[in-house]
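Student: From first to last, the protein sequence lines stand for chains A and B.
To convert, note that position 210 of the first sequence is 210 in this note's numbering; the numbers rise steadily by one, no gaps.
To convert, note that position 389 of the second sequence is 717 in this note's numbering; the numbers rise steadily by one, no gaps.
You may find that some hints are simply not true.
Result set (DSS-like, lysine-lysine): computed pairs, CA atoms no more than 25 Å apart in a straight line [claimed, not checked]:
1) A:K156 with A:K200
2) A:K156 with A:K75
3) A:K75 with B:K495
4) A:K75 with A:K153
5) B:K399 with A:K190
6) A:K151 with B:K495
7) B:K495 with B:K445
8) A:K190 with A:K156
9) A:K156 with B:K399
10) A:K190 with A:K151
11) A:K75 with A:K151
12) A:K190 with A:K75
Which chain A residues face chain B? A few, computed with CB under 7 Å, are given here [said to hold, decoys possible]:
13) Q73
14) H76
15) S88
16) D137
17) T140
18) L224
19) A225
20) W271
Simulated restraints, written as ranges between beta carbons of each label pair [what the hints assert, rightly or not]:
21) B:A681 with A:E160: 48 to 54 Å
22) A:G159 with B:R613: 42 to 48 Å
23) A:I26 with B:E370: 52 to 58 Å
Calculated directly from the structure, the hints in this document are not laboratory data.
All C-beta atoms in this analysis are idealised placements derived from N, C-alpha and C, irrespective of residue type, glycine included.
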Amino acid sequence: MDRSRAPLTLLPAFVAMYLPFCAAEIRPTIVPPDAPAPSLWVEPIDLEDRDLFYGPWGRERAPRPDDRYILVQHKHSGINPGLTVLDSEGREWSVKQASEEGPVEAPIEVVLSRVLAAVGYHQPPVYYLGSFTLVDDWGTRTVAGGRFRAKVKGLKDRGEWSWQQNPFVGTRPYHGLLAILMLFNSSDIKNSNNTLYEFKSARGLEHWYVARDIGTALGTTGRLAPEKGNPDAFERDRFIAGIRDGYVEFDYHGWHQELVRRRLTPDDVRWAGDLLARLSDRQWSDAFRAGGYEPDIAARFIGALRHRIGQTQQLAIGTSAAGRPQER
Amino acid sequence: MAIGPVLVMMAAAMAAPAIAQTPRAPTQESEPAKPSEVGPREGLLPEPHVLRRSIEFTSRVVGSSDRGEAKSGFYPEFSNMVTGAGWISVGPGYRHWFFGDRMLVDGSAAISWRSYKTAQARFELTNLAHSRLAIGSQVRWQDLTQVTYFGEGAVALESNRNEYRMKSTSVVGYSVVRLLRQLAIEGRVGWLGRPELSAPGGTFRRGNMATRDVLPDDPVFTTLRQPSYAYQELLLSLDTRNHRSYPTRGGLYRTGWTRYSDQDEGRFSFRRFEAEGAHFLPMARSHLVLATHGWLVASGANESEIIPFYLLPSLGGHNSLRAYSDFRFHDRNLVVVNAEARVALVTHLDAAAFLDAGNVAPSVGELNFEKTALGIGLRLHTQRATFARFDIAHGQEGWRFFFRTSDPLQLSRLLRRTAAAPFAP
């Protein structure tokens with residue numbers, strides 16, 4: 001083997017890293033008439049009254065901190081370690097724990113889930129427990145907790161959905177969701193973090209388009225090793241870089257920049273900011289408390305988020321492209 | 329994209345342990361912590377930002393695999409090659425869990441710097457009888473192109489260096505009974521198909537003579553072809569290490585008995601006894617870890633029996649006597665001790681000072697610690713795996729410098745259940 005050719009051996013690694021993230025064309029898809037109605041967002045008419053500590057699924061569905069959880073199996077996919085457990089009522093929970101390296105995603109995921117649910121985006125039932133009692137074949141002990149996501153009857157996981165091709169591309173809620181993720185410095189905007197849920201409601205079957213595994217946020221944006229849950233980095237990082245040709249430019253360095261580059265207008269971003277601005281201080285505090293954050297750390301994040309929301313509201317009105325598809 | 333994190337990621341993957349033996353077996357569950365408290369232990373000095381983020385990325389991509397939650401799917405096989413294969417090996421692997429944690433199917437292949445090639449497949453029922461029992465089977469094919477040999481005995485000269493190529497296939501069935509969470513008894517019954525010995529080959533040849541040319545009268549070469557071996561092993565182990573690839577507390581204590589039976593004429597049959605212990609003691613708020621390791625191997629054979637040189641216990645190299653070549657000494661018995669003090673310079677970089685001592689001998693009573701190595705080194709690691717180390721060692725045969733992609737006391741040979749042929753420290 002020629003040593004001078006050694007760098008060539010890295011080429012497959014580069015290709016392997018980039019290929020999965022090559023972007024598909026961004027376009028709306030048409031839903032067959034007999035398919036369940038797609039739903040990304042529902043107008044939050046009671047936004048100001050929403051409980052951001054227990055979230056949209058409420059206190060009754062929350063895991064009990066004093067319960068004993070029986071191990072079903074370890075997690076064999078994804079990046080973070082985790083478990084599937086059963087509580088004493090027989091409810092099944094997917095627990096995402098912290099990796100031993102670097103900041104944790106689970107608390108961030110819960111905070112962001114609370115905020116997205118509050119402003120109208122569908123979210124599954126997720127909660128945070130700092131620790132819990134695990135029962136396995138070797139006995140009972142207290143272990144590190146994390147994000148608890150309940151398996152709910154009537155809410156079925158139907159796989160992932162595409163950021164690039166879905167029924168909502170071009171709609172205000174779709175752009176608003178991206179704007180909120182930008183505002184939180186969410187770097188992991190990947191299809192593998194999206195879940196399509198089949199939900200049986202009073203109106204019939206619906207397909208919920210959910211941005212779910214969204215714990216890579218509240219730090220810096222980046223592809224390789226973005227900071228997560230770091231108030232220093234989050235306060236320091238820029239949100240909006242400017243407006244160009246009628247589109248908002250974000251200081252975003254994460255995956256799939258094509259989703260936000262020259263696609264979100266000031267009206268889109270301001271629409272998202274207006275929704276977030278309706279959240280009270282109490283609601284913000286509850287969202288971070290739901291993720292297990294100490295009040296002083298939460299206050300720093302909330303301050304930075306408020307500052308960013310202020311930026312969205314300062315964007316000039318009337319610079320958006322006309323003829324936007326209807327909201328859904 | 330910066331190249332640094334990619335290189336770090338690849339190196340870290342090399343150090344990732346192959347897989348946990350049973351999912352619910354020795355795991356150290358993390359203690360509860362608040363979000364702001366979770367993170368690696370700190371070093372004495374502030375860590376450079378670029379290093380910290382590279383390690384975080386590495387850990388994110390490589391993930392965790394020594395707590396029993398190894399992921400289903402494709403993985404890079406970096407860690408399954410014997411001593412002497414060269415500084416790097418790489419290949420594809422695929423594993424899949426079935427029925428939750430209850431059944432594992434795993435297959436991988438790899439090729440190394442010196443063109444060592446290996447392929448293995450494993451099937452395991454991992455959690456029978458409430459995790460008290462695991463049974464499985466593994467088959468491995470390997471082509472080791474440049475195995476070094478210096479002759480038998482502690483006085484074998486370094487100038488006698490020669491090499492042989494060995495191809496072999498081995499299959500094993502095993503069962504593990506877990507008496508306690510960390511205490512296990514394992515039984516293995518295996519078959520080592522006729523090893524093929526030939527002149528050295530592969531890449532990055534060192535120009536050494538073929539063993540067959542140097543030792544034409546050795547019983548191994550006067551035999552028309554090598555026999556097949558049946559082997560049985562019985563092992564008792566207590567493993568309390570927090571991580572296999574970067575242990576900072578706990579220990580591994582094991583003892584084992586092995587019987588190899590020549591299936592042709594019985595001439596190469598022998599038995600082997602092993603006792604081994606490694607302990608990792610954190611001190612000074614974990615800024616300092618004292619690592620100690622001791623290993624005794626005793627082989628025995630009847631008067632009419634001979635232990636073939638490729639199955640003789642051997643000593644020397646990057647994870648035993650670091651001032652000596654790989655496979656430097658061979659004899660029926662060996663003893664080695666290693667002591668290493670590791671100071672966390674920064675969160676992910678340790679400085680180490682070490683002492684190795686040991687020897688080989690024809691009988692246990694003649695063993696001593698005459699061969700020594702003193703040295704210093706640096707270890708780059710995540711919180712659970714050492715993925716790069718640089719060691720400088722000095723001993724009676726001069727200086728040696730190492731770059732390796734694993735912890736010297738990782739004991740990765742213990743993850744290979746198939747026949748240890750050749751015997752590799």
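Student: Could you run down the list of hints and mark each one as holding or not?
Tutor: Against the structure, the hints come out as follows:
1. A:K156 with A:K200: Judged against 25 Å, a Cα distance of about 9 Å means the pair holds.
2. A:K156 with A:K75: holds (19 Å)
3. A:K75 with B:K495: Judged against 25 Å, a Cα distance of about 37 Å means the pair is violated.
4. A:K75 with A:K153: holds (21 Å)
5. B:K399 with A:K190: Holds, at roughly 20 Å.
6. A:K151 with B:K495: violated (51 Å)
7. B:K495 with B:K445: holds (9 Å)
8. A:K190 with A:K156: With Cα atoms ~20 Å apart, K190 of chain A and K156 of chain A stay inside 25 Å; holds.
9. A:K156 with B:K399: Holds: K156 of chain A and K399 of chain B sit about 23 Å apart, inside 25 Å.
10. A:K190 with A:K151: Between K190 of chain A and K151 of chain A the Cα gap is close to 23 Å, so the pair holds against 25 Å.
11. A:K75 with A:K151: holds (15 Å)
12. A:K190 with A:K75: Measuring from Cα to Cα gives roughly 20 Å; hence the hint holds.
13. Q73: holds (4 Å)
14. H76: holds (4 Å)
15. S88: With a closest approach of 19 Å, the S88 of chain A hint is violated.
16. D137: holds (4 Å)
17. T140: violated (12 Å)
18. L224: holds (5 Å)
19. A225: holds (4 Å)
20. W271: W271 of chain A check fails; min Cβ-Cβ to chain B is 31 Å, beyond 7 Å.
21. B:A681 with A:E160: 48 to 54 Å: holds (51 Å)
22. A:G159 with B:R613: 42 to 48 Å: holds (47 Å)
23. A:I26 with B:E370: 52 to 58 Å: violated (44 Å)
Consistency with the previously given hints fails for numbers 3, 6, 15, 17, 20 and 23, ordered from lowest to highest.
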